[in-house]
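Trainee: Given next are the chains, with one letter for each unit.
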Amino acid sequence: MIIENCISVVVLAEYTADINGLIEMLYNRGGLMHQIPTIGCDHIHILGKHGLHMDPQLHTDRSSIQVINNNTILCCVHLSSQIYSDNTDRREIEIEQIIDDILAIEEELNVKNTIVVGDFNINPYDSSCISARYFHGIPIYEESKRQSRIITGKEFHMFYNPMWNFLGDFNEPFGTYYHNSGDTINTYWNIYDQVIIRPALRKRFVDKNLRIITETTTTSLLNKRKHPNGKISDHLPIVFEIKEDEHDQKA
Amino acid sequence: MTKKLNISSMLDFSKIDLTEPKIVIEEMLAQLPSNSQGIIQGCVDEYKGKVTSYTIPKPSIASAIESITAEERVDIQKNLGKQGEVCKKFECYLFTSSYKKYRYRMFFMQYGIANYPVQFTLEESIAKSIKYTSYIVECNNREEVEALIIQILTCKKMLGIMQELIRIHQATRSAKLTSSNADSE
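Here the protein sequences line up with chains R and Z, keeping their order.
For the first sequence, our numbering begins at 1 and goes up steadily by one.
For the second sequence, our numbering begins at 252 and goes up steadily by one.
Hints listed in this document are in silico derivations from the structure and should not be mistaken for laboratory results.
Just so you know, these numbers come straight off a predicted model, no measurement behind them.
Be aware that one or more of the hints could be misleading.
Mimicking EDC-like on lysine to aspartate or glutamate, the simulated pairs with C-alpha atoms at most 16 Å apart in a straight line are [said to hold, decoys possible]:
| id | chain 1 | residue 1 | chain 2 | residue 2 |
| --- | --- | --- | --- | --- |
| 1 | R | K243 | R | D207 |
| 2 | Z | K351 | R | D55 |
| 3 | Z | K352 | R | D55 |
| 4 | Z | K301 | R | D89 |
| 5 | Z | K299 | R | E96 |
Cβ-Cβ distance ranges computed for the label pairs, FRET-style [to be verified]:
| id | chain 1 | residue 1 | chain 2 | residue 2 | range |
| --- | --- | --- | --- | --- | --- |
| 6 | Z | E394 | R | G30 | 56 to 66 Å |
| 7 | Z | S425 | R | I213 | 34 to 44 Å |
| 8 | R | S127 | Z | E394 | 49 to 59 Å |
Where is the CB? At the ideal position from N, CA and C, for every residue including glycine.
Construct the entire structure; sequences and hints are all you get.
Mentor: Structure, rendered in structure tokens:
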């Protein structure tokens, strides 16, 4: 899948297999990748293609922030699950801290090229994904172009969340994670694996390459019920493309 | 005849060290470089964001199977009306000379003008590594703070991080030496 989709950066959440084994497997199939340090953040592993320059920044249990080529901030997250225990308060604190950390690095580097990707464990429509206090992920780019808004005297910066385009049943798959909870609120399909970007990156974001992967040339990632095959992973991966900055291309 | 007031034996006159927690921790972190051949350092910085919620998870027997946590609702009335109360918040992290910008945040701490009690909000994995059932820990004096910091810095999680940083430092130095040898040839 990584080779087939010409992936430059792989972000894995809760990867339990041997990461060196994966790197070797990729090498044998013509993919030169190396592990990007995520020291301390045991929930996340990152691989980058050979030649890609990534500088590790702040790390916590649930997030790894890297800077790519000195001009793009990549924040990889694996937030607390809401399925097995209600960690809403804690997850909201985690999100607030992640946003504060991102803002600090954006200010330091004087850039707004930020990508947040990973297992959010919340849907795009969950309050902590939309609320200005948390991710402030706006589904409509034209609205997110404002970049921020002021509420009670404080400025809240926006992200654009393209994952809203996967909601509903007009297209398959219907999400990245299937869970029949039996609760009063149960949508069965969830889009827990998300990517959100600062509006500044919208022009470089390639819409048609944002996909939820259900198969490779050799393997289906779905079971007979068209749910994620738990023997491979209980989540379906997402891929997306952001074109390199023109400055980086010339370099 | 006036009766004798004999309450001195009922009072505790032992001196308790109430040095500001930030200073206590900085003094302990200052020992890291000498314990790691200069590779690892620690820092305490002011933090302006939120560190805890108003619902504090309280561990219970059921929490051992990670399905139920009993929660204590913090009574905000306890804090209202206390005008002029100062709350200092800090983050504490490790860093290394090998990666200029890398930091691993170990915990947050906050305390008021009296310095104690000081509340620590630990990274979840650190709390598990030091076998604490809650990631929120309170210390009432210098001794307790020092004991907690020692537990944190010597736990399996933190030693693992420090070891990885040392290995990377060694690998980076080795690569630089190889590169400079190749250049001189």
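Trainee: Which earlier hints can't be squared with this structure?
Mentor: Of the numbered hints given earlier, the structure breaks just one, which is hint 8.
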